[in-house]
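Engineer: So the protein lines, in turn, are chains A and B. Counting in our numbering, the first sequence runs from 1 upward without gaps. Counting in our numbering, the second sequence runs from 1 upward without gaps.
If you are wondering where the hints come from, they were derived from the structure by calculation, not from laboratory data. Among the hints, erroneous ones may be present.
Since copy identity is lost for identical chains, a pair holds within one copy or between any two.
What the hints assert, rightly or not - Lysine-lysine pairs mimicking DSS-like chemistry, simulated, CA-CA at most 25 Å apart:
1) Lys210 to Lys178
2) Lys178 to Lys167
3) Lys40 to Lys90
There are 2 protein chains.
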Amino acid sequence: MFNTLIRISYDGTNYSGFQIQANAPTVQGELERALGVIYKQEIRIIGAGRTDAGVHALGQAASYFAPFRVAVENLPQAINGLLPSDIVVKGAEEVPEDFHARFSAERKAYSYTLDRAIYPRVMKRLYSLHLPGQLDLDAMRIAAELLTGTHDFEAFQASGSNVANTKRTLYSIDLIEKQYDQVLSLYYEGSGFLYRMVRLITGTLIRVGKGKLEADQVEAALLGINPSAVGPTVPAHGLCLENVFYRYE
Amino acid sequence: MFNTLIRISYDGTNYSGFQIQANAPTVQGELERALGVIYKQEIRIIGAGRTDAGVHALGQAASYFAPFRVAVENLPQAINGLLPSDIVVKGAEEVPEDFHARFSAERKAYSYTLDRAIYPRVMKRLYSLHLPGQLDLDAMRIAAELLTGTHDFEAFQASGSNVANTKRTLYSIDLIEKQYDQVLSLYYEGSGFLYRMVRLITGTLIRVGKGKLEADQVEAALLGINPSAVGPTVPAHGLCLENVFYRYE
């Protein structure tokens, strides 16, 4: 058995998320179907993380045990030939037997994209949240700075998750303006993210940017004493899993 | 009656082109439906040019006679509220009575986008042609230079058109590399374009870039003595009507 790591990009628009479900199109379902054709048997993959319905990925990762060796340099093209055009495998490599796409992940990066043009740009509409108008980026950066570091992020998770440990390290939140300031990208890197944490933090930072929330209220939220400062959860389609980093690299 | 010019962007993926047709979704059909709601009567618009099924636009233009005045600064938002999300009106202005979106157009700009990444980028797949591999941009630029200027472009039109005069002026063809050379954009400006002319020229230039056609064969094609040098017609989804320029501006 050959433990294999694949790197996957997808347009999440038409999927009910990454994780396989009965009777709903999922990225995992499409990948396992394609791998099943290649290996002529059922293959189960382990995703680095679940992404919600509508969330995109440029650097999702998944691992699986291959029953026989296919040259990794040929693997992406072989899998892509069996996938719909909105899922593209961008790389494959053999990894140590004890590698696990989820547990071996050391760091993840997400982006949230805001379309800042007055009228929404049609070719960005599936991949960004349209948000024209004034935003105080300095205030957003101050609030973002307060959130970075190692904290208990319990207040920044959506209900429906039941992880025991809600402590995470946010290495950075960068606000990057692109294309003549018409796009604002919020780029997050962290040790891991709680359920909907990026979307909740993004919604919170947008409220700060609009002057509807003070940075110190965000800090209070982090301490669990001001839950109303958290959110709202911004829509899924602006979110993209940019990368998953592994220790062994 | 108030002659009104609107500027329109659209994702052409789900439309059978700009021009209205019975029993097929068209951009013109959607616009006329929305305008009919606003003006409470049937409105016919004149498009600056037809775009084929699947072709996109960032700067399409259309004019129509409004039966009463709606403040042009409010018009885009009003129309957009009645349009599907893949069509967005970006501007409106009142124009002289003798203005005609098609006949008054002095110049048009089109882009054709190539995704040069090894594996197709999922979020560009609807708006670019995936074309990895070697391309000799110098050779393409030489051939492009031969095509610019005022010529009879009869050889560079698809059958099915019946314009009397096939003389056009191509002001420029610029090959622009973007995003770390992973995108190649061919940007065309001309007095007007024959049916499928941009897609035929793009296909021809790609063959030059691949070393399958010499620049002087392109020149011979222009003189009508080498029709096999023309094309192929590249797919619609890489093409975008970028702008329509008017004299009165």
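Engineer: Taking the hints in turn, state whether each one holds.
Structural biologist: These are the hints, each one checked on the structure:
1. With identical chains, the CA atoms of Lys210 and Lys178 are at most 25 Å apart within one copy only, with a shortest distance of 20 Å there and 33 Å across copies.
2. For the identical chains of this complex, Lys178 and Lys167 are neighbours neither inside a copy (32 Å) nor across copies (40 Å), given an alpha-carbon limit of 25 Å.
3. For a Cα distance limit of 25 Å, the shortest separation of Lys40 from Lys90 inside one copy, 22 Å, qualifies, whereas the shortest one across copies, 52 Å, does not.
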